[in-house]
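For the record, the sequence lines run as chains A and B. Anchor point for the first sequence: position 130 equals 130 in the numbering used here, and the numbering is continuous, going up by one each time. Anchor point for the second sequence: position 208 equals 1208 in the numbering used here, and the numbering is continuous, going up by one each time.
Worth double-checking, as some hints may not be accurate.
[Claimed, not checked] Straight-line distance between alpha carbons at most 30 Å, and here's what the computed BS3-like set of lysine-lysine pairs gives:
#1 LYS329(A) / LYS307(A)
#2 LYS85(A) / LYS72(A)
#3 LYS1078(B) / LYS1168(B)
#4 LYS468(A) / LYS1168(B)
#5 LYS329(A) / LYS1140(B)
#6 LYS1168(B) / LYS221(A)
#7 LYS1303(B) / LYS1228(B)
#8 LYS1220(B) / LYS451(A)
#9 LYS307(A) / LYS1168(B)
#10 LYS468(A) / LYS1063(B)
#11 LYS90(A) / LYS108(A)
#12 LYS468(A) / LYS1053(B)
#13 LYS1121(B) / LYS1220(B)
#14 LYS1220(B) / LYS261(A)
#15 LYS1140(B) / LYS221(A)
#16 LYS90(A) / LYS270(A)
#17 LYS1078(B) / LYS451(A)
#18 LYS1215(B) / LYS1121(B)
#19 LYS270(A) / LYS1303(B)
#20 LYS1078(B) / LYS1053(B)
#21 LYS1140(B) / LYS307(A)
#22 LYS1078(B) / LYS468(A)
#23 LYS468(A) / LYS1215(B)
#24 LYS366(A) / LYS174(A)
#25 LYS1215(B) / LYS1228(B)
#26 LYS208(A) / LYS399(A)
#27 LYS1115(B) / LYS1215(B)
#28 LYS1228(B) / LYS451(A)
Simulated from the structure, these hints should not be mistaken for lab results.
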Amino acid sequence: MKFRKTMALGMAAVMAMSLTACGGESDGSASSSNNASSNNNAAASGSTDNGNTAADNTTPEAAGVPTYASIKLGEDYTDLTASIKFMHHKTDREGDGTMDRLIAEFNKVYPNIQVEAEGITDYAETALLRLPTGDWGDIMFIPAIDMVDLPEYFLPYGTVEEMSGLINFADQWKFEGNCYGIGYMGNAQGLLYNKKVFADAGITELPKTPDAFIAALQQIKDNTDAIPLYTNYAAGWTMGGQWDAMLGAITTGDEAWLNQKFTHTAEPFKDNGDGTGAYALYKILYDAVANGLTEDDYTTTDWEGCKGMINRGEIGTMVLGSWAIAQMKEAGENADDIGYMPFPISIGGKQYATAGPDYCYGINAKASDDNKAAAMVFVKWMVEESGWCDLEGGYPISKTAETSFVFDGVNIVENISALDDEADLMNQMNADSELNFNNGGDAKVMAIVEKAAAGTPFDDIMAEWTEKWNAAQSNLGVDVLY
Amino acid sequence: MAAATAQSKTPFRLGKWFRSRKGQQAIVIIAFSIIPLALLFVFTYYPFAEMFKFSFYDRNYTKVRSFVGLKNYIDVFKRDDCFRALWLSLYYMGGAVVQLALALYLATIFCFGVKGGNFFKGCMFFPYLINGIAIGFIFKFFYTRGFVFDTVLQWIGFDLENLPYWLKDTRINNISLVGTSVWKYFGQNMVLFVGAMMSVDASLYEAAELDGANKWQQFKYIMLPSIKTIVMLNLIMSITGSLSAFEPPYVIMSGGGNGTATYFIKMHEIAHISQKVGLASAMAIVLLMIIFAATILQKLFFKYVFKNAEDEDKGAAARRDRKLAKGKGAARV
Chain A
1 MKFRKTMALG MAAVMAMSLT ACGGESDGSA SSSNNASSNN NAAASGSTDN GNTAADNTTP
61 EAAGVPTYAS IKLGEDYTDL TASIKFMHHK TDREGDGTMD RLIAEFNKVY PNIQVEAEGI
121 TDYAETALLR LPTGDWGDIM FIPAIDMVDL PEYFLPYGTV EEMSGLINFA DQWKFEGNCY
181 GIGYMGNAQG LLYNKKVFAD AGITELPKTP DAFIAALQQI KDNTDAIPLY TNYAAGWTMG
241 GQWDAMLGAI TTGDEAWLNQ KFTHTAEPFK DNGDGTGAYA LYKILYDAVA NGLTEDDYTT
301 TDWEGCKGMI NRGEIGTMVL GSWAIAQMKE AGENADDIGY MPFPISIGGK QYATAGPDYC
361 YGINAKASDD NKAAAMVFVK WMVEESGWCD LEGGYPISKT AETSFVFDGV NIVENISALD
421 DEADLMNQMN ADSELNFNNG GDAKVMAIVE KAAAGTPFDD IMAEWTEKWN AAQSNLGVDV
481 LY
Chain B
1001 MAAATAQSKT PFRLGKWFRS RKGQQAIVII AFSIIPLALL FVFTYYPFAE MFKFSFYDRN
1061 YTKVRSFVGL KNYIDVFKRD DCFRALWLSL YYMGGAVVQL ALALYLATIF CFGVKGGNFF
1121 KGCMFFPYLI NGIAIGFIFK FFYTRGFVFD TVLQWIGFDL ENLPYWLKDT RINNISLVGT
1181 SVWKYFGQNM VLFVGAMMSV DASLYEAAEL DGANKWQQFK YIMLPSIKTI VMLNLIMSIT
1241 GSLSAFEPPY VIMSGGGNGT ATYFIKMHEI AHISQKVGLA SAMAIVLLMI IFAATILQKL
1301 FFKYVFKNAE DEDKGAAARR DRKLAKGKGA ARV
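The shape of chain B in the complex, shown without the other chains (with noise of 0.2 Å):
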């Protein structure tokens, strides 16, 4: 008897489940999200799925050769052309620091007010809007012997005889390969920084003034940690985008010739000319892991610089203790 009533309840409570307040909230939740889900399973997780797999077949784009095991990452290791191309980086990553010091700099002068702020602001942001490939062509007639640098140089007293050659010279190209990127760049992040800047309560800045903070004071205990997160979120996408770095030497390089060929050249004249798809797979796998290891050591380095700003000096704190504390006897006493 009781295990009859209990049989037919069964199906009966599903669909009362189905009705019930936590059941709808359930099927909103997977309504609303399945979409999502399959577009980012199917255009992002499926592909790089596949791309995990191929990373262990010797074949290119149409044909399947042999499963070669861990052959491609080996070759990755020992092919000297691949991590040479990764020393590139720390040209793109110093250029990335630059770009957030300038960044920062200047958001903080635009922070404390200038006369025609918004005009300039809108300047330093415009060439983040152009083109990459546009970028490329500019400078590459920028950086042209005689061209504009040379000339512009040529006017603050610069020899032509004594100036470098920009693009042919193998120990500065990537230097001023990486100018480009950071003039393209330091705009952007330079809103970025103005707008979480902007968004400090203003009254902590009088607070800290009446207390006789100067500017960099200010900057360096209020400022600095108010927007920290922006400040991570700028250099990691920066680290991340110097390991990539891909446009300017393909452009202006024509495909990163005179040893200024990054991992990301490599890798597309690997996959799409030699059409080693396999290698190239590898090759992206290997970046993935250093992009973490980067992400976290940053993460790491983060979390020990700002506890020391965030926190007040250990110093000032037991001085101050010291003195409430003879106070407070002297007040007994």
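Chain A with its partners taken away, still in its complex shape (with noise of 0.2 Å):
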């Protein structure tokens, strides 16, 4: 009886058990927009070339309809009458009445196309759900589709050769040379800061080393009351998905060495010497944190609460990707002072930047000509004039459009995709060493923030990382290269 009664109580636990296990898994909203960005390249590496699938290869003009280039804002089809739809997942921008405002703005120069916007919550999936039925309206955010199927559903802008002139990340949803997508705005990956904080600190050049970029924080430190750099470690995944976001090409300046190299490297985490790779990204932290050059109490930072704090200029700076920059300027009144720098790491005095575009707009090719003449016409206006991109502090997608965001003298890369017969490599060595590098580690990286206050030399940390490392290559046998 009390072996059962025992026996019950164990269950009972090992069901709370699982009950607890299941509610995990709560990563930030940014990584969610990161995987949206990493699902579209995953997409673009699985195109196959297979040259005879193309369903019909009309070239917009043969259908009556106008290439992307071929469109002069404001001259061209000023009295076209027709109504066109777009589907959309910026619910925030519906809510906050900016895309009225665009719309309208576009009514001035073209009265008689009528647009309607639909935001939709919940948007990767029902973009697809809605694909295939072929009546979702004229424009849609292209969701994660394969690429030898956008001829089927996308009319193309024009040849990627030709768009590329025009636009950036034109290679973004192509097949058989042709463009079907224009991204709304681009993400990069760089430093957020405050420009009067840096100004009142006395910084007048941008660091380009990690010696240079603490440097300016303990600037900031001395000369004014602003936390130099606020690390978010409270909310996690600020601490894994932003920090690993730098590793590849802006680290190395080799676009093959994340998604090919990494994993056959034999001490990935060594020290260099010169400020460059994976040692020098994680020291930056490490160092920021042991000289006193982060917040007083990192395990209460607050998410929502640093917006406003970079806005006031109480903090320095912040690692996160582009996409963050819309919502520190909107948290206050200071919307000019907060900029964006690339990340602080030189390789032989250049600088790199991983970029790529968000969703990116594509056009119905069941539309009737009209509509697809419209809205070829909105798209290029809300590329070229609208300045949307610029308002959510994305990176430029049009090359002539002004833009606030300025990567000078920095070389834009992209990481090149897994080999094909290596796609999972990563995922395998990710879990097998635990330190899931861009896949949740978060944390690995809090435990950088915890070892620098508690005096752990930073070497010690890069060792046991490399003794994982291996692990994990000679348990899948993996073959070290590099």
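Relying on the hints, combine the two individually framed chains into one complex.
Here it is as structure tokens:
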């Protein structure tokens, strides 16, 4: 009887355990947006050049629809009458009236083109479900589909070659040389900073190396009341998600490092001695904490609160993707103080930044010709004239539109995706080593902060990581090539 | 002839058995218990058996890589982070003892009658009704430097300079976290104790009072023995809960950072982030064994403790016997 009672209690414990375990996995919003873009990349890399599958390879001109390049905004099609529908995921912009304002601006030039915008929560799934039905409207943000399916659903804007002269990331959605998607804004990896704090601290030139960056943080500490670097430790995803995102081309200058070489590297965390590599990246965080250049109590940082703080000039810098710029700008009255700079690591005197488009406009291939023309005009206007991309603080899409996003003298690169037969290798290495780079491995970056505060030498942390990485390599039988 | 009758009787007998009282009883028992038993099996024992099986494989959620035998179990004992996490449970066990003592103390006071007792009881029970995640957020702000707790302490004369960082300082942050769980659960324990104490026959106290027992003696010899089942239950629940603490460090310390990762958090990390399902299953089984062991030890301990409380003091019994024997002897003489 007693045994049965204990047994039942034990079972109850096991049940409770499994219940609580299910409740986890609550990453921040940012990581989900990162996922969206990486899904796009995955779809991009998954394209197989099946030349014969093109459904109807009609070029836009042949169907009586203008190409993106041929439209002169404000001159062509001003008398076109059409009613188009635009499906998007920016429900926040729907809510605050920005979308209505943009459309009203558009209608000043094109009074007869009615645009109905539909903001959808849970966009990624809804868009995929509605795409095959064909009657979702005229413009949508292209969800994660295979490249080969592009011609079936979407109208090409022109050739990639032609489009590359006009916009950035024209090859994000390409099939058989045609460009099917244009980003509404780009995302870049770098560092968020407050211009006023930098000016007050007497920093005249943006730091380009880890040493210069730490020195700049020290200057902020000495000369202002601001927190030099706000870690956002307590939010969790701001640690792993944001710092790991710098790995790859930014830290090594090598576009193949992250997805192709990293898994085969014997000592990925060794000190290169010249302020480059993963070592230098995480050392920045370590040094900042160890030298007291971060917030007083890292355990109680507040993600919502930090937005207003950097806006008011109480924070010097934060390591966040460019998607965060808009949020920081809107959190207070000093939108102009928010700046974005390349990550302070230089390889051979050159800084690198990875960037890619966010969601991309796609035009319905099944719409009527008038609607296609109207949609083409609308997309071009949105990209070139609306200023939406800049409003969001995004990396520019249009090569000619005005932008406040300045990344002077920086190589914009993209991390090349993994080789086909090694597509799952990074996941396996992440799992086996439990380091989980770019995969929810917040704990390891949080540990850097903790150990820096406790005084554990940085080299010990890196040695531990190397050990785990090498153990995973030998467990999985990965060839060590570099 | 006889064999033939026996054969023809067999099916008849079965039908009759179904209709007989005994048969009906069996049918009713089976019919009523089959659904809960099926549920119990499908949702508890079968998944548990599967998990037990997982613990012998190197696998993630979708793919089984290989059968590894006891390697996962060996890893659980060899990895320094798993058992270090278990030591943290000692903080929570310490908290559980404080929590029960506090609950028992307050329940006793309430039982002997307090003005506005129900109001206070309600106030103290209230935290138990709040969602654990919400409590996490409350205490995150509570412990933030210069916020609620520090402000209150400054009112009563502490200097902010001398106050520790409640969550950052690794020497005390686990105690801070335990504080939140004590805050949440002591009210519930108290209400259970009060309920049990109410059911003790009031005439026992009266009788004890007439015999000259003071409140402490009433508590020790009447109340405590009468509610020992509830005390046991609460203690077992609290200790089991301590071994499986999850919410406070997960919510307040953003997933168990800064040396607050309990066994459950480690398990969550290994199972869901690193997707080492085999290892995590082995950790779960090991924890189950530890909980078994802890429960059995508690049982034994209480058997010992309450034996003394239930029986009267041996010395006193001997003295009384001697007195009685003397009295009888005297009467005879």
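Hint check:
1. Distance hint between LYS329(A) and LYS307(A) is fulfilled; the C-alpha atoms sit about 8 Å from each other, no more than 30 Å.
2. Straight-line distance between C-alpha atoms of LYS85(A) and LYS72(A) comes to about 22 Å, which keeps the hinted pair within the 30 Å bound.
3. Only pairs whose Cα atoms come within 30 Å are accepted, and LYS1078(B) paired with LYS1168(B) is accepted, the gap being roughly 28 Å.
4. For the given pair, LYS468(A) sits about 27 Å from LYS1168(B) by alpha-carbon distance, which is consistent with the 30 Å threshold.
5. Straight-line distance between C-alpha atoms of LYS329(A) and LYS1140(B) comes to about 26 Å, which keeps the hinted pair within the 30 Å bound.
6. Pair hint LYS1168(B) plus LYS221(A) holds up; C-alpha atoms about 21 Å apart against a cutoff of 30 Å.
7. With a C-alpha separation of about 10 Å, the suggested pairing of LYS1303(B) with LYS1228(B) holds against the 30 Å cut-off.
8. With a CA separation close to 49 Å, the supplied pair LYS1220(B) and LYS451(A) exceeds the 30 Å bound.
9. At most 30 Å may separate the alpha-carbon atoms for a hinted pair to count; LYS307(A) and LYS1168(B) meet this at roughly 22 Å.
10. Note on LYS468(A) and LYS1063(B): the hinted pairing holds, with a Cα-Cα distance of about 22 Å set against a maximum of 30 Å.
11. With a C-alpha separation of about 23 Å, the suggested pair LYS90(A) and LYS108(A) falls inside the 30 Å cut-off, and the hint holds.
12. The suggested pairing of LYS468(A) with LYS1053(B) holds, with an alpha-carbon distance near 27 Å, which does not exceed 30 Å.
13. For a cut-off of 30 Å, the pair hint linking LYS1121(B) to LYS1220(B) stands: about 23 Å separates their Cα positions.
14. With a C-alpha separation of about 71 Å, the suggested pair LYS1220(B) and LYS261(A) falls outside the 30 Å cut-off, and the hint is violated.
15. Distance check on the hinted pair: LYS1140(B) and LYS221(A) sit about 26 Å apart at the alpha-carbon level, within 30 Å; holds.
16. With a C-alpha separation of about 42 Å, the suggested pairing of LYS90(A) with LYS270(A) is violated against the 30 Å cut-off.
17. Between LYS1078(B) and LYS451(A) the alpha-carbon distance is near 23 Å, which keeps this suggested pair within the 30 Å criterion.
18. In summary, the hint linking LYS1215(B) to LYS1121(B) is supported, as the alpha carbons are separated by about 21 Å, within the 30 Å threshold.
19. This hinted pair does not check out: LYS270(A) and LYS1303(B) have alpha carbons roughly 59 Å apart, beyond 30 Å.
20. Pair hint LYS1078(B) plus LYS1053(B) holds up; C-alpha atoms about 21 Å apart against a cutoff of 30 Å.
21. Taken as a hint, the LYS1140(B) and LYS307(A) pair is honoured in the structure, with Cα atoms around 18 Å apart against an allowance of 30 Å.
22. Taking the CA atoms of LYS1078(B) and LYS468(A), the gap is near 15 Å; set against the 30 Å cutoff, the hint holds.
23. Taken as a hint, the LYS468(A) and LYS1215(B) pair is broken in the structure, with Cα atoms around 62 Å apart against an allowance of 30 Å.
24. Among the hinted pairs, LYS366(A) with LYS174(A) is consistent with the structure: their alpha-carbon atoms are about 18 Å apart, no more than 30 Å.
25. With a CA separation close to 18 Å, the supplied pair LYS1215(B) and LYS1228(B) stays within the 30 Å bound.
26. Restraint check for LYS208(A) and LYS399(A): the C-alpha separation of about 25 Å stays at or below 30 Å, so the hint holds.
27. Proposed proximity of LYS1115(B) and LYS1215(B) is supported: the alpha carbons are some 18 Å apart, at most 30 Å.
28. A threshold of 30 Å between alpha carbons decides the hint, and for LYS1228(B) with LYS451(A) the separation of about 46 Å lies outside it, so the pair is violated.
Hint compliance for this structure: hints 8, 14, 16, 19, 23, 28 are broken, all remaining hints hold.
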